[in-house]
Structure formats: C-alpha cells, structure tokens
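Asks: Here is what each chain is made of, one letter per residue.
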Amino acid sequence: MLAFALKRGLLALLVALTVSLVCFFLVHLSTDIAVAMAGEGARAEDIEFIRKQYGFDRPLAVQYAEWLGRAARGEFGDSLYFRTPVAAIVWQRLPVTLTLGAYAILIALGLSIPLGVLAAMRPNSWLDRLALTIAVVGQAMPSFWFALLLMLLFGVTLGWLPISGSDTQAHFVLPAIALAYFAAPAIMRLTRSGMLEVLASDYIRTARAKGLRPMAVLFKHALRNAVIPVVALAAVQLGFMLGGSVVIETVFALNGLGYLAWEAILHNDFPVVQAIVLLIALIYIVLTFLADLANGWLDPRIRMG
Amino acid sequence: MKTIRIAAALAVALALAAPAHAGKRDNTLRIAGNQVPESLDAYFNNVRLGVIIAHHIWDQLIYRDPKSNEYKPLLATAWKWVDQKTLEIDLRKGVRFHNGEAFDADDVVYTLNYVSNPANKAVTQQNVNWIEKAEKVDAHKVRILLRKPFPAALEYLAGPIPIYPNEYYAKAGPKGMSEKPVGTGPYRVSEHQPGRLVRFERNKDYFKDSPRPQPAIEKIELRLIPDQNTQAAELMAKGLDWIFNVPPDQAKQLRSVRDLTVVAGESMRVVWLTMATREGSPAPVLKDIRVRKAIAHAINREAMLKTVVGESARVIHTLCFPQQFGCTDEGAPRYPYDPARAKALLAEAGHPNGFEIDLYAYRERQQTEAMIGYLRAVGIRANLRYMQYAAMRDALREGKAGFAHQTWGSFSVNDVSAMMPVFFKFQADDVTRDEKVRELLDAGDTSVNPNVRRSAYKHALTRMAEQAYVAPLYSLPVYYAHAKELDFRPYADEIPRFWEARWK
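Sequence lines, in order, name chains A and B. Numbering of the first sequence is given in the numbering used here, commencing with residue 1 and proceeding in unit increments. Numbering of the second sequence is given in the numbering used here, commencing with residue 1 and proceeding in unit increments.
Worth flagging that the hints you see were computed from the coordinates, not collected in a lab. If you're wondering where the values come from, they're calculated on a predicted model, not measured in any experiment. It is possible that part of the hints are untrue.
Straight-line C-alpha distance at most 27 Å; calculated BS3-like pairs for lysine-lysine [unchecked claim]: (1) B:K141 to B:K208; (2) B:K306 to B:K287; (3) B:K148 to B:K400; (4) B:K85 to A:K52; (5) B:K148 to A:K52; (6) B:K400 to B:K436.
Example chain A residues on the side facing chain B (calculated, C-beta under 10 Å, incomplete) [to be verified]: (7) F56; (8) P59; (9) S79; (10) T84; (11) S166.
Quick reminder that beta carbons are idealized off the backbone N, C-alpha and C, glycines included.
Using the sequences and the hints given, assemble the complete structure.
Replies: See below:
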C-alpha cells in the first residue's frame with residue numbers, strides 16, 4: 001500500500017508541475033503582459049519601463065523558474081488589478097467556493113446514489129424512467145438557466161430563499177442545488193450501471209440464496225462494490241464544482257474563486273489567473289490522489305495492478 | 001411523527017425566508033452594479049460604477065447643474081482665467097471632510113499635484129494630464145497652471161476631479177483611500193467589503209450652501225451582482241430598489257411588473273458608421289464621397305429608433321452629442337433616409353449593382369443587423385465581423401478594418417473635446433486624416449474663448465458632414481428600473497444623483 005501511495009504521489013506531483021508549466025506559458029504567450037499592464041494610451045517608453053521593472057524581458061524559462069520558486073513558498077506576487085497580494089485575495093474568496101462545493105457534492109450524492117440504486121433495483125420500470133428523465137434534464141439544461149428558474153420560483157414567486165449574495169447559509173441553498181443538479185446525473189448513471197452489474201453477479205445470487213434480507217443484500221453486499229467507481233467520479237465532480245463554478249458564482253453573485261478567475265481573465269490579471277489555475281489543479285490532484293488511495297483500499301486488485 | 005416532520009420543514013422554510021422588503025421602510029436605498037471598481041479611489045479606477053460612487057463621496061471644485069448645464073460654485077466660490085494657461089480659484093470656507101479635517105487650499109494643491117504626477121500612476125491620466133501643477137496663493141485661494149491651453153478645464157474640474165483631504169491622503173495613500181474613503185460629499189462610506197458591497201450613510205454635516213440638495217435618503221447599500229438577470233430577479237423580489245443598464249428587452253418585461261418603474265434616459269454615447277478614407281484603407285471603395293453619401297442616405301435612423309434602439313434616444317446629424325459644448329448641426333448638410341438617392345449615388349460612382357464590404361461591430365448587434373438590412377436594400381452587401389471592442393479598435397488602427405459600427409461615450413465629459421480629437425486629430429483612431437479638420441479642431445481645443453471654440457468646432461463639424469467622413473446615426477438610451485415609490489430622475493451623463501432621490 002505504501003509503495004502504491006508513493007507511486008501515485010509522485011505522479012500527482014508531476015501532473016501539478018505540468019499544469020503550472022502549461023498555464024505559465026499559455027498566459028505569457030496569449031498576450032504581451034507589459035502592454036496589458038501599461039493599459040490604453042500608454043507610451044512605448046512606459047511599456048519598456050514595465051517590461052524591465054517586472055523582468056518580462058528575460059527568457060521565459062528563467063521567468064518560469066523564478067515564479068515556480070516563489071510559488072513553492074506560497075508567494076504569488078500582487079494582483080495587477082486589485083493591487084493587493086494575490087494570496088490574500090485567493091484566501092479571502094476560497095471559503096465561499098469551498099462551502100458551495102461541499103453543499104453541492106452532498107446534495108449531488110444524496111440525490112444520485114439513492115436514485116441510482118432505485119433505478120437498478122427495478123430496471124426499465126417507471127422508477128428507472130423517472131431517474132433517467134431527471135438525469136437527462138440535468139445534463140441537458142444549461143446551469144445558468146436552471147439557476148434562473150430556481151431563483152424565479154423560490155426567490156421571486158415564493159420568496160422563501162434569498163436570491164443572491166453569500167451572507168447566510170440560506171444564501172447557499174439555491175446555488176448548491178443548481179451546481180449539484182448538473183453533477184448528479186453522471187453519478188446516478190454510474191451507480192445504476194454498477195449496481196446492475198453487481199446485482200447480476202454470482203455472489204449476490206448466493207447471498208440471496210442464503211436467505212439474507214433484501215436490504216442487507218442491497219446495501220451491505222451490492223452497493224459497497226458498486227460504489228467503487230463512483231468514489232473516483234465524485235472526486236472529479238467535486239473538483240469540477242470547486243473550479244468550474246464560475247457560472248453559478250456569477251449568476252448568484254457569490255464572490256468565490258470561480259468569479260475571481262473570470263474577473264482576473266477579463267482584466268488580464270495574470271498573477272491571479274496563474275495562482276487560481278495552480279490552486280484548482282492542486283485541488284483536483286489531491287482529490288484524485290485521495291480517490292486513488294480510497295479505491296486501492298476498497299479494492300485490492302487496483303493496488304496490485 | 002409526520003406532523004413533527006412537516007412542522008420542522010415549515011420552520012426551516014420560515015427561517016430561510018428572504019429578508020424583509022427593502023426600501024422606503026428603513027430609508028435605505030438598495031442598488032446593484034455589475035462591475036467591481038478595482039479601487040474606490042476615484043483616480044485609481046476607470047469603471048462607470050467608480051464614477052458614480054465618487055460623485056457621492058466627494059465634491060469637486062465646480063458643479064455643473066445637470067438641468068441647465070451651468071457651472072456653479074461647489075468647493076470653489078469663484079474662478080477666473082488669468083491667462084490661457086492659468087486658472088485662479090477662490091475656495092469655500094467652513095467645509096469639513098467626513099473625518100473632521102477642515103477643507104482649505106492645501107487639500108486642493110495636494111490632490112491636484114498628487115494625481116497629475118504620472119509617477120503616482122493614477123489610472124485616469126486623460127482626466128488630469130492637462131494640469132502642470134497647483135499652487136497655494138493663500139489659505140482659500142489656489143492657482144492651477146496648465147501644461148497647454150485646455151479650455152475644457154472647467155468641465156473636468158466639475159467632473160472626474162474630486163478633492164481629497166491632504167493630511168489623510170498623505171497618510172493613507174490610494175490604498176487607504178479605497179479601503180476607507182474620506183471626502184466632503186453628501187454621503188460617507190460606512191462599510192466597504194472590496195468586490196462585494198459598499199454601504200453609504202447620509203453626511204449630516206453636508207455644507208448647507210452646496211448647489212447639490214441635502215440628501216433625503218439616509219442609507220445606500222451598493223451590492224455587486226454581475227448577472228443582469230439576477231439583478232432583475234432581486235428587484236422583483238424587492239431585495240433591490242434600483243438597477244441600471246437594463247437591456248431593452250428586459251426593460252420591456254420589467255415594465256409589466258407592478259411596483260416597478262422603468263425609465264429610459266438618454267446617454268452621451270453616440271453611434272455612427274466609421275468609413276476609413278486614409279491611405280491604405282482596406283475598403284478603398286469608401287474613398288469615393290458618393291459612396292459615403294449613399295451609405296448615409298441608406299439608413300433609416302428614425303425607424304431604427306422606434307424598433308431596435310429604444311426610446312429617449314435621438315437622431316444626430318454631426319459627430320457629437322447635442323448637449324456637449326461645441327456640438328451643433330447648424331449649417332451641416334443632412335443625409336435623410338432616401339434609398340432611391342442612395343442607389344443613384346452608387347450608380348454614379350460606378351457601382352450600379354452595389355458591392356461587398358466587411359462591416360465591423362462590437363456592441364448592440366441587433367442594430368448592426370438592422371443597418372446591414374438597410375445597406376442590402378440599396379445593393380451594399382455587408383458581411384458582419386462581430387468582435388470585442390479592443391479587437392475592433394486594433395483592426396481599425398492597423399488598417400485591417402475600414403467600415404465599422406462605432407460608438408463613443410466621451411467619458412461623460414460635456415465638451416466635444418472629449419470626442420472629436422480622438423477620431424479626427426491624426427491620433428491612432430483617426431482613419432480619415434483630414435488636415436483641414438485637424439486645424440479647426442486645434443483652434444477649438446486650445447482657445448479659452450467660448451465663441452472662438454464654438455465657431456471652430458462648427459466649421460469642423462460642417463466640413464466633416466460635407467465630406468460625409470462618417471455617417472452619424474443616433475444617441476443611445478440607458479434604461480433604469482426601480483421601485484415605484486422611489487422618486488428618481490436620470491441624466492444624459494449617466495450619473496445617477498441619489499442625493500436628489502426621494503421616497504414618494
């Protein structure tokens with residue numbers, strides 16, 4: 001298990017390095033940062049001054065090595081737009097995104113696993129069709145549209161829930177539902193297919209033949225095995241929720257990381273863009289690493305292979 | 001058991017219920033904006049919301065009455081031009097900043113010298129770079145020395161140049177001023193959560209002689225809500241009392257909501273078709289004046305106002321906003337909608353079957369599409385090239401685009417010098433390069449004699465219209481939606497004046 005963990009850890013580190021490298025070069029090649037920083041109407045000498053001042057005239061490889069060295073120490077420089085340290089802005093925005101992501105994954109799992117199990121218990125029944133419909137609608141409907149519908153129903157018409165902002169826990173309900181509904185279908189379909197496969201296997205027939213209660217067969221024997229791929233998927237979905245909540249954060253005026261990323265791109269604020277991409281990549285990597293470990297622990301065949 | 005569950009669900013629903021209705025009851029105006037200013041320091045942001053905020057926190061030296069466009073004393077009591085490059089200003093006595101600091105000449109001198117020094121990196125350079133320096137004459141008199149004659153100086157002193165407390169600003173700097181702004185204006189900032197929220201409180205000690213009325217609304221809460229639909233939903237749910245820049249289609253829908261008022265105000269932003277005629281224009285066909293005139297005759301501006309542009313806009317015949325100093329269409333030829341005349345002009349120019357051309361555009365796409373329809377009707381087949389503003393601007397500057405649906409808002413400056421020189425004084429955005437127009441604009445831009453200026457601009461505008469260098473179209477409206485119980489009046493400079501607003 002230790003060798004497995006080490007191997008996966010090394011792989012995760014390499015992925016993190018690759019992501020930071022790609023991100024650094026993409027940002028630097030997409031625009032002339034000195035020109036972007038100098039702003040409209042800047043004179044050529046202003047641009048040159050900035051280029052020298054910030055060291056943009058040096059080879060990219062040197063700049064990358066320097067940036068990486070500072071990033072490793074947690075120093076990301078100052079935001080060009082907000083003129084405050086990048087780390088401070090990111091830390092300030094992170095809790096909103098983490099809260100939203102946590103609620104959303106709980107809702108997604110709470111909705112999709114029971115539905116997936118129910119659908120697998122009665123394949124091709126009306127229950128299965130209903131679950132399929134929910135899944136198809138969830139995947140097909142753009143999340144901003146679903147968010148607006150939620151807002152109109154629960155915010156405007158019924159007046160039950162606040163529409164925008166992040167002042168109280170109630171403010172997270174609608175955005176978390178909107179975010180969860182987009183992620184739920186994939187988990188649900190995977191649970192269903194996994195359950196169908198497991199329920200058709202020999203050991204389940206044996207368990208039933210032994211006269212175990214149907215619920216015990218379902219949850220103790222079948223679900224635990226069917227859920228293995230779901231763990232990996234849920235980790236990826238959580239990563240998506242933390243990094244890809246740009247639209248939901250914008251629609252609900254939640255000032256999180258996703259919205260910050262959008263703002264930073266809009267204003268050519270490359271230190272912020274780089275820090276966020278690296279942070280989200282790290283979150284993804286940690287989550288998949290944890291999922292790998294969990295899977296290895298759940299299923300010995302994985303760590304042997 | 002079941003009853004307990006239902007009761008619990010109800011309790012949760014009640015606990016989560018939306019906050020009480022906003023507005024009149026607690027004398028708090030809740031408003032929203034969709035763009036965060038990077039700093040509340042007025043010299044360190046250049047977004048519309050920043051301009052609006054600045055007008056509430058700070059006073060300028062001069063006040064331009066938005067109804068009469070007259071200049072009135074604000075922090076200054078009198079001003080006079082000593083010569084073309086020297087402005088002498090008497091200051092008001094007895095005014096205090098929100099932190100108690102007394103207002104005097106030191107504040108004006110410090111503010112102007114600080115922001116006009118490029119080393120301090122104010123981002124609104126175009127608003128302050130005409131100032132050479134400010135000097136103290138006595139405790140309540142200052143002299144402003146200009147780099148070169150700049151007749152629009154008074155307009156700038158009445159707009160984007162708020163006065164800061166010198167002692168506080170020297171200590172706090174732009175960063176501290178953004179975190180905790182201090183001014184003399186009708187509202188003080190009571191809370192600022194960067195990028196989220198700004199809370200304002202009425203300045204109870206606002207000086208009584210100000211030409212701005214004493215504010216009636218006690219508190220203003222400004223929230224950042226980036227999405228326009230979310231803003232509308234908040235307004236309908238009474239979480240907000242006022243929103244602006246509402247898209248025309250949404251304005252139409254909001255109009256049907258009880259308790260809401262939708263008003264359209266004219267803005268200073270004007271719309272025209274750019275036709276590049278300078279050397280190397282990628283659309284050489286536009287060099288023929290008959291073709292340019294044909295294009296001007298082809299567009300039905302009045303019909304466009306009714307169908308796609310919206311109310312409160314107006315047709316323009318010269319390239320400026322009618323209310324701006326120096327703007328006139330007197331004596332300038334007009335090109336009314338006349339497709340037959342357009343076709344005849346095209347035939348005369350050797351294009352009886354029209355021609356094909358790329359039309360660049362970056363906003364109000366519906367309007368561009370309407371223009372394409374009108375052009376097609378006279379035989380001009382325009383292909384739409386729709387892109388971001390910066391991309392279109394660069395294409396025009398680099399001579400890759402020659403025909404464009406352009407707009408310009410003049411930074412809310414009520415003087416044509418904020419517009420015409422940009423497009424006709426051989427700067428990067430000048431795709432015409434007419435020496436005669438440049439000479440006339442130079443005369444207008446450098447004299448402090450209003451009559452000399454008016455005459456110079458009039459001749460420049462007439463020459464531009466005679467040559468049909470551009471096809472001026474119309475001004476754009478701005479829609480505001482607000483609670484019915486709010487008494488609010490919009491102005492063309494797009495600055496909402498909440499110190500004037502009241503609950504009905």
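Asks: Against this structure, judge whether each hint is valid.
Replies: Hint-by-hint comparison with the structure:
no.	hint	result
1	B:K141 to B:K208	21 Å, holds
2	B:K306 to B:K287	32 Å, violated
3	B:K148 to B:K400	34 Å, violated
4	B:K85 to A:K52	36 Å, violated
5	B:K148 to A:K52	31 Å, violated
6	B:K400 to B:K436	25 Å, holds
7	F56	18 Å, violated
8	P59	27 Å, violated
9	S79	9 Å, holds
10	T84	8 Å, holds
11	S166	8 Å, holds
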